[in-house]
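Colleague: Sequence:
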Amino acid sequence: MPETETQQSGYSLWETFCDFCIPTWANRLFSFILYAVIGYFLIQLNNTFAIIRMRASVQTSVYFLLISVCPSLHMLYAGDLAAASFLVALFFLFKSYQQARPTGSLFHAFVFIGLGSLLFPQLMLFVPIFWIGAYNFQSLQPKSFFASLVGWSVPYWLLLGHALYYGQMELFCQPFRELVTFAPTRFDYQPWELATLGYLLVLFIVSAAHCLIAGYEDKIRTRSYLHFLILLNFCIFVYIGLQPVLSVHLMSFLLIGVSILAGHLFVLTNSRSSNIFFICAFIGLFILLGFNIWTLL
14 MPETETQQSG
24 YSLWETFCDF
34 CIPTWANRLF
44 SFILYAVIGY
54 FLIQLNNTFA
64 IIRMRASVQT
74 SVYFLLISVC
84 PSLHMLYAGD
94 LAAASFLVAL
104 FFLFKSYQQA
114 RPTGSLFHAF
124 VFIGLGSLLF
134 PQLMLFVPIF
144 WIGAYNFQSL
154 QPKSFFASLV
164 GWSVPYWLLL
174 GHALYYGQME
184 LFCQPFRELV
194 TFAPTRFDYQ
204 PWELATLGYL
214 LVLFIVSAAH
224 CLIAGYEDKI
234 RTRSYLHFLI
244 LLNFCIFVYI
254 GLQPVLSVHL
264 MSFLLIGVSI
274 LAGHLFVLTN
284 SRSSNIFFIC
294 AFIGLFILLG
304 FNIWTLL
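Position in the sequence shown counted from 1, then plus 13, gives you this note's numbering.
The hints are simulated quantities; they were obtained by calculation from the structure and are not laboratory data.
We put the beta carbon where it would ideally sit given N, CA and C, even for glycine.
Any given hint could turn out to be false.
[Said to hold, decoys possible] Restricting the straight-line Cα-Cα distance to at most 30 Å, the calculated cross-link-like pairs of lysine-lysine (DSS-like) are: (1) 232 x 156; (2) 232 x 108; (3) 108 x 156.
[As the list claims (entries may be wrong)] Okay, the calculated beta carbon distance ranges per label pair: (4) 57 x 111: 17 to 25 Å; (5) 45 x 282: 29 to 37 Å; (6) 61 x 141: 20 to 28 Å; (7) 42 x 194: 17 to 25 Å.
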């Protein structure tokens, strides 16, 4: 396999974490283990909330296939760990659906948003989207709103204590500086990024259209989950369009949502057109794999 081109983050907190916890030789191994953990949690997410109306692992299969055809994603990035934390936050957000006391669920959801944002500060930009989701799930109340703020701030209180004790206040300020840093929108994507994003966009549009058109077949609760995932993935696509330099990090988030929506499409449709689309999507995966490997030569 040709050597993949890695992108340096330039974010000292992430670099410190890598130097302290992940030796260079274990970078790929750790990334594959992390992808396996995310795949397992995708199964648990579906089994717990019945997003696909049956106990299925097809969303994990789609996720692994998408990861496998993108060799450049086989290295560990800050977005990968943030995506794992993001997936756990999704679990607690879904759990808060119409809860009489959603304070605990939203607190835990935003704790994981805060944890992920320590390594990838741009994850904080998804906080308003999670509030919109909580509002749609009828779990956003004054108490749960402030609980979400407290939950998000917990990792930063711990970071502040560390920074004060060791006299490294720059370490505490850096995530916020990184958050407000907005690179110019130049659309300078690498070829493999354009090809992969194009494939994911087609898969997302078809899957989202199916969820919106055939949503009456799902329970109201399931429709709410799917509509939130559609909104979330749409916002990720927009953010990738505005910040191409972060595309390799944001793609980890995108793969999670697209895999769930695509799994919902492939499992619950059995028409002639859906079968043709499935075959075309499968062939497209092989073409995408060949193109991505060719760009590395």
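Colleague: Let me make sure I understand: some of the numbered hints might not hold for this structure. Which ones are they, in numerical order?
Modeller: 7
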